[in-house]
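Chains as they are written, first to last, in my numbering: chain C, 1 to 148; chain Z, 1 to 136.
Hints in this document: simulated from the structure, not taken from any laboratory.
Heads up, some of the hints might be wrong.
Straight-line C-alpha distance at most 25 Å; calculated DMTMM-like pairs for lysine to aspartate or glutamate [stated by the list, open to error]:
1) C:Lys33 - C:Glu98
2) Z:Lys7 - C:Glu123
3) C:Lys114 - Z:Glu19
Below, a sample of chain C positions facing chain Z; criterion: calculated Cβ distance under 7 Å [what the hints assert, rightly or not]:
4) Arg2
5) Leu5
6) Ser6
7) Arg7
8) Arg8
9) Ser12
10) His18
11) Val50
12) Gly52
13) Val54
14) Gly59
15) Met60
16) Leu107
Don't be surprised by glycine CBs; every beta carbon is placed ideally from N, CA and C.
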Amino acid sequence: MRAHLSRRYRISASHRLHSPAYDAERNLAVYGKCNNPHGHGHNYVIEVTVAGQVDAQTGMVCNLGDLDGFVQREVVDRFDHTNLNLYEGFLNLVPTTENLCIRVYDLIFAGFDKAELVRVRIEETANNSFEYCGAGKQGQEKSVNLHA
Amino acid sequence: MILLTRKAEFSAAHYYWNEDFSAEENARIFGKCANRNGHGHNYTLEVTVEGDVDPVSGFVVDLKWLRDVIDKEVIKVYDHRHLNLEVAEFQKTIPTTENIAIAIWRRLEPNLVGARLHRVRVYEMPELFADYYGEQ
């Protein structure tokens, strides 16, 4: 029997939304207060969903310790209490939560082999959330980015 | 089609233990969940049914009826119980969050006449939940 397992992790990080492709006026128009030159921060919640057959011996889709250890090492330790703009993957990419979602998905997808990664959902605030289900899959793109 | 979700809560004790494993293996695989004295959680159950909105009632299903089915088939059986020791389906199956979601599906699905069960979601705690969509 196939089941989905989801686990929520927390990181606190700062970012500034600013595109070098736009001039100052346009950056302000597009990103609003998120364009503040000094940056700002959020308590992000990263919800990771994996799926697979429930193991007959353990009753688990995958061992939670394996998932926790991997996400802690590859995601939480990498991003928690950092400035996202300084992360190498965001030197040339605006660290919107959409892009963070894709990066986190790719990091887990590339290295976690104990279960199938189905979705990464990130809550930027209590009112904003973003989901990424991998390239080529039908993502659920109903979340609205208010950048509140 | 509309999806409709009803929440319910139950509090229960459990432990993770596989008789086929040695004590060391159980401790290694299940960690603190292998403590045979058990531990407990406040579980949150989300039952999602799917269907078309009835043009007369405006309902997908009658929510009171859905609540009563959940209450009779799940909450009355699981709430304030030790899942391993007191619930039939967990005599031989480890009551992981995944298996609880599957077991609840099996309890509800035959009793939801007139509604189609879409998903059973079980939160063991706010940071951990399992989803089951039936046989896929």
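Now the hints, each set against the structure:
A threshold of 25 Å between alpha carbons decides the hint, and for Lys33 (chain C) with Glu98 (chain C) the separation of about 17 Å falls inside it, so the pair holds. With a C-alpha separation of about 22 Å, the suggested pairing of Lys7 (chain Z) with Glu123 (chain C) holds against the 25 Å cut-off. Of the supplied pair hints, the one linking Lys114 (chain C) and Glu19 (chain Z) holds, its CA atoms being roughly 23 Å apart against a limit of 25 Å. Interface hint status for Arg2 (chain C): upheld, as the beta-carbon distance to the closest one in chain Z is roughly 5 Å, under 7 Å.
Annotation: Leu5 (chain C) was flagged as interfacial toward chain Z, and the flag holds, the nearest CB pair being 5 Å apart, inside 7 Å. Hint on Ser6 (chain C) holds. Least Cβ distance to chain Z is approximately 5 Å, under the 7 Å limit. Because the closest C-beta pair between Arg7 (chain C) and chain Z is about 5 Å apart, less than 7 Å, the hint holds. Taking 7 Å as the C-beta cut-off, the interface hint given for Arg8 (chain C) holds, the closest approach to chain Z being about 4 Å.
Interface restraint check for Ser12 (chain C): the shortest CB-CB distance to chain Z comes to about 16 Å, outside 7 Å, so the restraint is violated. At a threshold of 7 Å, the smallest CB-CB gap from His18 (chain C) to chain Z is about 33 Å, leaving the interface hint violated. Interface restraint check for Val50 (chain C): the shortest CB-CB distance to chain Z comes to about 10 Å, outside 7 Å, so the restraint is violated. Using the Cβ-Cβ criterion of 7 Å, the hint placing Gly52 (chain C) at the interface with chain Z is not satisfied: the shortest such distance is roughly 9 Å.
Residue-level restraint check for Val54 (chain C) holds (minimum Cβ-Cβ distance to chain Z is 5 Å; threshold 7 Å). At about 4 Å, the closest approach between the beta carbon of Gly59 (chain C) and any beta carbon in chain Z falls short of 7 Å, and the interface hint on this residue holds. Taking 7 Å as the C-beta cut-off, the interface hint given for Met60 (chain C) holds, the closest approach to chain Z being about 5 Å. Of the supplied interface hints, the one on Leu107 (chain C) is violated, with its beta-carbon coming no nearer than about 20 Å to a beta-carbon of chain Z, more than 7 Å.
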